[in-house]
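Using the sequences and the hints given, assemble the complete structure.
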Amino acid sequence: MSGKEIQLSQGGGGEEMNSLIHGLFYKHFSNDILTAAEDAAVLKPEGKIAFTTDSFTVSPIFFGGGDIGKLAVAGTVNDLAMMGAKPLWLSAGFIIEEGFAFGDLEKIVESMAKELEKSGAKIVCGDTKVVPRGSADGIFINTSGIGELRSEGISAHNLRVDDVIIVSRDIGRHGAAIMMAREGIDLQSDLKSDCETLWPAVEAMIDSGVRIRAMRDATRGGLAAVLNEWAEASGLCIEIEEEQLPVCEEVRGICEMLGFEPYDLANEGTFIISVHPDDATLALESLSEYPFCADASIIGSVSREKRGKVILRSPWGSSRYLELPKGELLPRIC
Amino acid sequence: MKTLQLRDLYDRFRDPATIKGLAALIAEDAKRLREPLHIMEVCGGHTHTIMKYGLNQLLPENIEFVHGPGCPVCIMPKERIDNAVELANIDGVILCTLGDMIRVPGSGSSLANERAKGRDIRSLYSPLDLIEIAKSNPEKRVVYFAIGFETTTPMTAAVIKRAVKEGVKNLFFHINHVLVPPPMHILMADEEAKIDAFIGPAHVSVITGSKIYEPFPEKYSTPVVVSGFEPVDVMHSIAMIVKQKIEGRAEVEVQYSRSVSREGNVAAQRMIEETMEVRESFRWRGIGDIEKSALRLRDEYRDFDAEAVFADYLSHEPIDDHKLCICGTILKGLAKPYECRVFGKACTPNTPLGSCMVSSEGACNAYYRFGGVS
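Here the protein sequences come in this chain order: A and F. So that you can map any letter, position 108 of the first sequence is 221 in this note's numbering, and since no number is skipped, the others follow by simple counting. So that you can map any letter, position 110 of the second sequence is 580 in this note's numbering, and since no number is skipped, the others follow by simple counting.
Calculated from the structure, these hints are not laboratory results. All the given hints hold, so there is nothing to weed out.
Dumping the calculated DSS-like pairs for lysine-lysine here, alpha-carbon to alpha-carbon at most 27 Å:
no.	chain 1	residue 1	chain 2	residue 2
1	A	K419	F	K806
2	F	K522	A	K422
3	A	K242	A	K140
4	F	K793	F	K815
5	A	K439	F	K522
6	A	K419	F	K490
7	A	K419	F	K522
8	A	K422	F	K490
9	F	K605	F	K631
10	F	K522	F	K713
11	F	K806	A	K439
Cβ-to-Cβ under 8 Å is the rule here; a few derived chain F residues that face chain A:
no.	residue
12	Y480
13	Y523
14	G524
15	Q527
16	V843
Where a beta carbon is used, it is the ideal one built from N, C-alpha and C, also for glycine.
Following this line, the structure appears as structure tokens:
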């Protein structure tokens with residue numbers, strides 16, 4: 114591959130683009146369906162399928178614990194996993210700004226290939242566009258995914274009174290890591306995003322027979338958004354014990370300093386599960402097999418207390434609603 | 471030796487046993503109060519603590535919080551926000567400000583709206599970033615829409631002094647720094663207002679010293695306790711106020727003794743004094759004009775003063791809040807946010823009609839977000 118920066122011609126459909134596709138994308142994403150290079154991938158699913166799509170833009174593109182490529186694969190694979198579907202096939206669409214460093218694109222593609230190995234999913238079709246400098250912020254990636262349903266009926270509408278709410282690990286890491294990596298906050302920390310493919314842990318829970326009622330990865334909007342969506346969809350109340358919520362030291366520090374709450378910060382490898390009350394221990398045992406779920410905890414339960422609301426109970430006996438995060442996350446003034 | 475962890479700094483101040491212990495102590499002492507006690511927490515940061523940690527739920531019925539005017543975003547009158555929008559719309563201007571100010575609507579638009587239309591508007595984490603922004607954009611004019619009480623003022627003063635020292639010529643300041651004691655006097659002078667004691671903001675006092683509150687016990691026999699922002703701090707301060715009341719005392723006491731002295735940070739005070747002076751009058755959203763309640767740049771810094779340099783672009787007509795808004799009444803302790811007809815309906819954090827709903831430190835905003843369980 115020649116050239117150190119992506120040129121407009123590499124998105125032009127001619128020889129340069131062909132060379133980019135073969136030299137980079139086929140090299141790292143190689144599989145028979147993709148390299149057949151047809152207009153569309155021909156697939157033969159066996160049972161019911163789940164289908165999802167997501168677009169990824171992140172600044173900075175490389176951050177502690179991941180990059181936009183890892184995010185694009187993990188994000189879409191996780192959307193499938195959260196429906197109880199084994200991720201099988203993905204598409205990948207790249208919009209690249211002219212002048213983007215080729216070395217960075219290669220790193221992103223390598224990172225995507227590595228992340229795909231964790232779930233066994235394959236990229237089977239794709240698209241590349243190069244836009245003039247100034248028309249995009251470096252690189253945007255869209256990934257769509259198809260997965261095969263392994264467990265049916267996982268839905269926010271299926272929450273039941275007395276269900277146990279579990280969080281798979283400590284919350285707020287991705288949002289805090291991105292904030293720290295951004296210009297304007299000069300902080301030293303080893304904080305890493307939780308960006309991770311969740312399917313192996315989900316598969317283990319399904320295989321061990323945990324009755325999962327609802328499951329969702331707490332991405333943008335964080336834990337607060339997921340719980341509020343569930344409370345609203347089910348018409349039930351979710352009661353959370355603040356003391357049981359795992360939050361790492363660095364995330365707590367960032368929140369203290371800037372006036373944020375860890376419940377509102379984004380995650381990219383943390384999920385919330387509502388399970389049948391008798392299966393909570395089994396769920397925790399299944400999750401504990403995976404390093405990225407080592408801090409899995411029971412954080413609350415479902416009740417009829419205040420329908421459609423999420424209540425956060427403090428260790429000193431007071432309680433408040435946990436509201437949906439609103440607007441941009443902006444630091445407090447004083 | 472044990473390394474100091476961040477959580478060591480606040481865990482003690484959120485210790486459930488201590489909070490419950492203080493609640494029990496307050497409940498016991500409050501039995502000896504002859505009349506209901508209305509405590510105003512002047513600062514929005516305290517309102518936030520009270521609502522976020524549910525401290526109001528831990529108090530006996532004869533103690534009530536009155537939420538004060540101490541949120542620099544909430545008190546900004548619409549015409550000043552319009553000024554920010556007008557400045558941002560001047561060609562070649564980069565407008566910088568802090569936090570929530572971006573999304574507060576003026577009479578026609580907000581900075582967030584203008585940013586979406588393509589104007590260069592930036593939310594800073596620290597005003598010190600201004601020097602770098604100005605230096606790396608020599609062809610632009612950088613305007614800082616400066617907001618905040620005595621806490622944030624020294625930082626603005628420091629940036630002005632640094633701009634002078636480093637010869638930065640393309641940085642301008644629209645000063646909206648306000649002072650804590652003047653609105654407290656206005657509220658005390660209002661015969662209708664129900665305020666029996668104040669919780670004073672600790673961070674303001676770190677700069678000014680606790681001495682700025684001394685007129686309140688002297689003039690109105692109203693105790694003031696300067697309090698930290700953690701739940702234990704606030705509960706401890708309430709216990710101190712109740713104690714003063716049952717012992718018939720009215721004094722300035724410092725609960726936040728870990729950082730507050732009587733004299734405060736003299737170096738910071740001097741820096742403010744050198745760069746800024748008190749304005750004749752400033753309009754407070756929800757309260758109205760208050761004499762000598764805000765600061766402006768001194769004449770010798772006129773070349774940095776956005777109000778002078780960009781005078782031709784700025785409007786000055788006062789603009790009132792929505793007719794149905796009762797923020798003024800809430801700030802005087804005569805009503806609770808949920809008693810307002812538009813609260814949570816026409817007036818929400820996304821569409822604030824009145825000052826108290828505007829920022830996360832406003833009383834209505836705190837009630838909207840955290841209130842209502844019990």
